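S.K.: Take a look at the letters that make up each chain.
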Amino acid sequence: DTEVTQTPKHLVMGMTNKKSLKCEQHMGHRAMYWYKQKAKKPPELMFVYSYEKLSINESVPSRFSPECPNSSLLNLHLHALQPEDSALYLCASSQDRPKEEGYTFGSGTRLTVV
Amino acid sequence: RKEVEQDPGPFNVPEGATVAFNCTYSNSASQSFFWYRQDCRKEPKLLMSVYSSGNEDGRFTAQLNRASQYISLLIRDSKLSDSATYLCVVNMGPVMDTGRRALTFGSGTRLQVQP
Numbered sequence: 009d010t011e012v013t014q015t016p017k018h019l020v021m022g023m024t025n026k027k028s029l030k031c032e033q034h035m036g037h038r039a040m041y042w043y044k045q046k047a048k049k050p051p052e053l054m055f056v057y058s059y060e061k062l063s064i065n066e067s068v069p070s071r072f073s074p075e076c077p078n079s080s081l082l083n084l085h086l087h088a089l090q091p092e093d094s095a096l097y098l099c100a101s102s103q104d105r106p107k108e109e110g111y112t113f114g115s116g117t118r119l120t121v122v
Numbered sequence: 069r070k071e072v073e074q075d076p077g078p079f080n081v082p083e084g085a086t087v088a089f090n091c092t093y094s095n096s097a098s099q100s101f102f103w104y105r106q107d108c109r110k111e112p113k114l115l116m117s118v119y120s121s122g123n124e125d126g127r128f129t130a131q132l133n134r135a136s137q138y139i140s141l142l143i144r145d146s147k148l149s150d151s152a153t154y155l156c157v158v159n160m161g162p163v164m165d166t167g168r169r170a171l172t173f174g175s176g177t178r179l180q181v182q183p
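As you go down the protein sequences, you meet chains A and B in turn. For the first sequence, this note's numbering begins at 9 and goes up steadily by one. For the second sequence, this note's numbering begins at 69 and goes up steadily by one.
Hints listed in this document are in silico derivations from the structure and should not be mistaken for laboratory results. Just so you know, these numbers come straight off a predicted model, no measurement behind them. Be careful, since some hints might not be right.
Said to hold, decoys possible - Below, a list of computed lysine-lysine pairs in the DSS-like style, where the Cα atoms sit at most 30 angstroms apart: (1) A:K49 to A:K27; (2) A:K61 to A:K46; (3) A:K48 to B:K147; (4) A:K30 to A:K61; (5) A:K30 to A:K49; (6) A:K27 to B:K113; (7) A:K26 to A:K46; (8) B:K113 to A:K61; (9) B:K110 to A:K27; (10) B:K110 to A:K26; (11) A:K46 to B:K113; (12) A:K30 to B:K110; (13) B:K113 to A:K49; (14) B:K113 to A:K48; (15) A:K26 to A:K49; (16) A:K17 to A:K30; (17) A:K30 to B:K113; (18) B:K147 to A:K27; (19) A:K17 to A:K61; (20) A:K30 to A:K48; (21) A:K61 to A:K27; (22) A:K48 to A:K26; (23) A:K17 to A:K46; (24) B:K147 to A:K46; (25) B:K147 to A:K61; (26) A:K49 to B:K147; (27) B:K147 to A:K26; (28) A:K26 to A:K61; (29) A:K27 to A:K48; (30) B:K110 to A:K17; (31) A:K30 to B:K147; (32) A:K49 to B:K110; (33) A:K46 to A:K27; (34) A:K49 to A:K61; (35) A:K49 to A:K17.
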């Protein structure tokens with residue numbers, strides 16, 4: 009079992025829908041991440057929250073809107089997505105130490121936009 | 069040039085074989101290096117960190133050559149369960165508020181161990 013929990017595991021949504029992806033961790037990690045992974049490609053960074061503040065936005069379109077309600081939760085709000093946004097969306101968390109110790113990933117949400 | 073470069077494979081090897089994967093990275097200031105394993109349609113999982121002195125974990129050995137900006141992973145006595153994609157990961161991403169860099173993933177090397 010992963011220590012980072014993502015819901016839902018699968019999501020099919022229309023281009024006019026609004027949906028949210030959720031991520032939760034209880035490891036006391038202070039950095040949380042959203043990555044997007046297309047088939048046969050590596051994960052690509054979207055957003056980073058550090059101490060509940062948005063630290064990095066990798067020029068992600070505004071139809072993706074992240075939110076960090078508290079140190080354990082990370083949401084990704086979706087609106088007016090395109091079919092090319094279909095992908096595996098991975099949440100990860102990590103400690104905040106000078107020496108990076110690697111990320112723990114959730115099992116992901118497989119999103120299909122129709 | 070890709071920031072983190074790996075041979076995509078696939079590497080098809082028989083059970084019991086020794087196989088080595090290589091990875092090069094472009095930012096000489098990088099400080100953190102990892103190998104992740106990703107099974108088909110699953111999330112990446114941390115396999116091991118890579119230290120300057122080299123490190124071993126059972127059948128897996130990781131090495132780092134900072135001068136050549138090169139990382140390797142050696143798997144001895146391959147098992148069928150080792151079949152997966154192996155991702156080389158380096159802290160080369162954008163800088164966070166804390167001063168650390170986010171992790172950047174290589175495109176992965178696919179390993180298929182055959183009976």
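S.K.: Please go over all the hints and tell whether each is borne out by the structure.
M.R.: Against the structure, the hints come out as follows:
1. A:K49 to A:K27: holds, 24 angstroms
2. A:K61 to A:K46: Holds. A:K61 to A:K46 sits at ~27 angstroms (cutoff 30 angstroms).
3. A:K48 to B:K147: holds, 23 angstroms
4. A:K30 to A:K61: holds, 17 angstroms
5. A:K30 to A:K49: Satisfied, since the Cα-Cα distance of roughly 23 angstroms is no more than 30 angstroms.
6. A:K27 to B:K113: holds, 27 angstroms
7. A:K26 to A:K46: holds, 21 angstroms
8. B:K113 to A:K61: Cα-Cα ~26 angstroms, so holds.
9. B:K110 to A:K27: Holds - the C-alpha atoms of A:K27 and B:K110 are around 22 angstroms apart, at most 30 angstroms.
10. B:K110 to A:K26: holds, 25 angstroms
11. A:K46 to B:K113: Holds, because 17 angstroms separates the two Cα atoms, which is no more than 30 angstroms.
12. A:K30 to B:K110: holds, 17 angstroms
13. B:K113 to A:K49: holds, 16 angstroms
14. B:K113 to A:K48: holds, 16 angstroms
15. A:K26 to A:K49: holds, 26 angstroms
16. A:K17 to A:K30: holds, 10 angstroms
17. A:K30 to B:K113: Holds - the C-alpha atoms of B:K113 and A:K30 are around 20 angstroms apart, at most 30 angstroms.
18. B:K147 to A:K27: violated, 41 angstroms
19. A:K17 to A:K61: Judged against 30 angstroms, a Cα distance of about 26 angstroms means the pair holds.
20. A:K30 to A:K48: This hinted pair holds, its Cα atoms lying about 24 angstroms apart.
21. A:K61 to A:K27: holds, 22 angstroms
22. A:K48 to A:K26: holds, 27 angstroms
23. A:K17 to A:K46: holds, 16 angstroms
24. B:K147 to A:K46: OK: B:K147 and A:K46 at ~28 angstroms, within 30 angstroms.
25. B:K147 to A:K61: violated, 43 angstroms
26. A:K49 to B:K147: This hinted pair holds, its Cα atoms lying about 25 angstroms apart.
27. B:K147 to A:K26: violated, 44 angstroms
28. A:K26 to A:K61: holds, 23 angstroms
29. A:K27 to A:K48: holds, 25 angstroms
30. B:K110 to A:K17: holds, 11 angstroms
31. A:K30 to B:K147: Outside the cut-off at roughly 35 angstroms; violated.
32. A:K49 to B:K110: Status holds; Cα separation ~13 angstroms.
33. A:K46 to A:K27: holds, 19 angstroms
34. A:K49 to A:K61: Measuring from Cα to Cα gives roughly 28 angstroms; hence the hint holds.
35. A:K49 to A:K17: Distance of about 19 angstroms is within 30 angstroms: holds.
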